[in-house]
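Colleague: Sequence:
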Amino acid sequence: MVLLQISEPGESPDLSVTRSIAVGIDLGTTNSLIAQFDGELVHVFEDDLGQPSLPSVVHYGAESTQVGDAAMALANEQPENTIASAKRMLGRAREEVVDDPYASLTTDGALAFATDQGKKTPVEVSAVILGALKIRAEAHLDSPIAGAVITVPAYFDDAQRQATRQAAELAGIKVLRLLNEPTAAAVAYGLDEQAEESSLLAVYDLGGGTFDISILRMRAGLFEVLATGGDSALGGDDFDREIARYLTTELELADPTPRQRRTLLGIARDAKQALSDSAEVEIDGSGLGSDALSASLTRQTLEALIEPYIERTLMSCRQALQDAGVDSVDRVVLVGGSTRAPAVARAVEGCFGQTPLSTLDPDQVVAMGAARQADILIGNRSDNDALLLDVIPLSLGLETYGGLAERIIDRNSTIPIARAQEFTTARDGQTGLVVHVVQGERERVADCRSLARFELKGIPPMVAGAARIEVTFRVDADGILEVSAVEQQSGARSEVVVKPAFGLDELDITDMLKASYEFAAEDMVARKLAEAGVEAEALLEGLRAALAQDGDLLDSDEAQTLQQEMARLEQVLQQTDVDAIREHTEKLGRASETFAARRMDRSIQTALRGISVGQLDAESAE
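For the sequence shown, this note's numbering assigns the number 36 to the initial residue and increments by one for each residue that follows.
Read the hints as simulated data drawn from the structure, not as lab findings.
Treat the hints loosely; a few may be bogus.
Now the in silico label distances, taken between C-beta atoms and shown as ranges [claimed, not checked]: (1) Thr466 with Asp365: 43 to 51 Å; (2) Phe489 with Arg462: 50 to 58 Å; (3) Val498 with Ser55: 40 to 48 Å; (4) Gly586 with Gln357: 22 to 30 Å; (5) Gly624 with Asp445: 27 to 35 Å; (6) Glu317 with Gly96: 30 to 38 Å.
Quick caveat, the model's predicted, so the values are computed rather than measured.
For every residue, glycine included, the Cβ atom is placed at its ideal position computed from N, Cα and C.
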């Protein structure tokens, strides 16, 4: 909560006294930055050597911990104690991290790295980086910071976002908000240019380890994300690995050691950066113990190596345009150091039909936007506050009877958001149920991603369909999902904050979206079949229970006829003909009407047994 200063009439408050200090942090895969907005300008804080970027590398030595350039200097000498690209491993399983030979598992199954200081998790590594940034900012400001907005890739899932928060907490940083990186870039550009008319903006963000594309509608003071896409495991690091593999062959390294691979990655990164301005670079392999002492790498070869990755980003761009319901945008912004590659800029221009904007440093624009948002969230508001409307990337829902996915919140819904829906029990006397939370665009649960399961107990025993269970989905501004279930009569309640054990596999999100379009017709047929089957099974189960209890109400011919209709429906259920299932369900319903009426009469007679007419009249009078 922010206290409001009240000044005497005709006097102005001293803003220097009341202004709180908050920062924006771009926790990058390759490099990280920290910045602060002072009300007029954004300051990106530099180190003692004047470098704004802090390499996202940590070295755990036997006696000390190094971060940034100091850690990178030790990478070749002690690769097993030097951890890079930890952000890419936040919230992920060991089997998903195939490129780091030093990754292992802790006793509780979490991903970790074996170092001279013991096992270190990606959260702990990220905390060291965040802590170094915090120290840098507080040294420049000569004051502690009150909070921070930390940016994350748009497609970070709940586990990855939670891991980022944990890292910040471990570093002693209060998180005001987790902000999607493309949205942060839009804030930086939008506030600087103060666009008065509605316009569409594409933010193409290709960093060291992630790629994001966002389509935003931008007006003065308003940024609305229409659609997002991308790949949480695609970035400049993949370029480096492709170059390293190429150099492995060129330098005749048959089976490179882990240390040689680390060294090659560093050489590849330097060569990639050099080729942004040069047509060819020479590679010195003398320090690798290779048979070939040198090799050359041309820009043409580089572009051939990275072309498949660039094409993957363009597929996401085209999908995002489709999801946003637009054919084109007014402007395109490049974000991330990997966009400095000329091939990337050309590809983006070809995809969107216009030259991308890069008036702000693509390496700093995310931190700049985060700093502006942090200044607003800490309470330093102005007349030109920006309202951010982020969206969720994939639909959220739960499993219903028959294995169907019921969407509660649709993809691209603006967050924060809350949606509630009522459900009921499927069986008589049911006193509990399992709420299965899923994510995805398909109609069947089997084709969606399972997020969490939790059990609601204490439901009063009732006939099927009588219970009223309200399930609420809440997604906060950080994209974290909370699901609660409440039985209305008893007040029984259960809830879960969704924290999946691991992040999504590479290309999972893209594949899920593609599959939803590819199998749309097939899924709809499957849904209709499942719904018809659920209705039929419910009728059959109800009749079985009724016959067991009140079968004496039917004579032998009536019972035989009803049993025959039930058998026909059971037989039809083995097929995949929706119309046939519905037709026989209706026939069975009509055939059981007389039986149902007799059961109702018996129930009334049972309820009235022993009650006189006078008692009924008295009760009516009351």
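Colleague: All hints are to be evaluated individually against the structure, with a verdict given for each.
Modeller: Consistency of the hints with the structure:
no., hint, in the structure
1, Thr466 with Asp365: 43 to 51 Å, "57 Å, violated"
2, Phe489 with Arg462: 50 to 58 Å, "19 Å, violated"
3, Val498 with Ser55: 40 to 48 Å, "58 Å, violated"
4, Gly586 with Gln357: 22 to 30 Å, "57 Å, violated"
5, Gly624 with Asp445: 27 to 35 Å, "34 Å, holds"
6, Glu317 with Gly96: 30 to 38 Å, "33 Å, holds"
Taken one by one, the earlier hints fail for this structure at numbers 1, 2, 3, 4, listed in ascending order.
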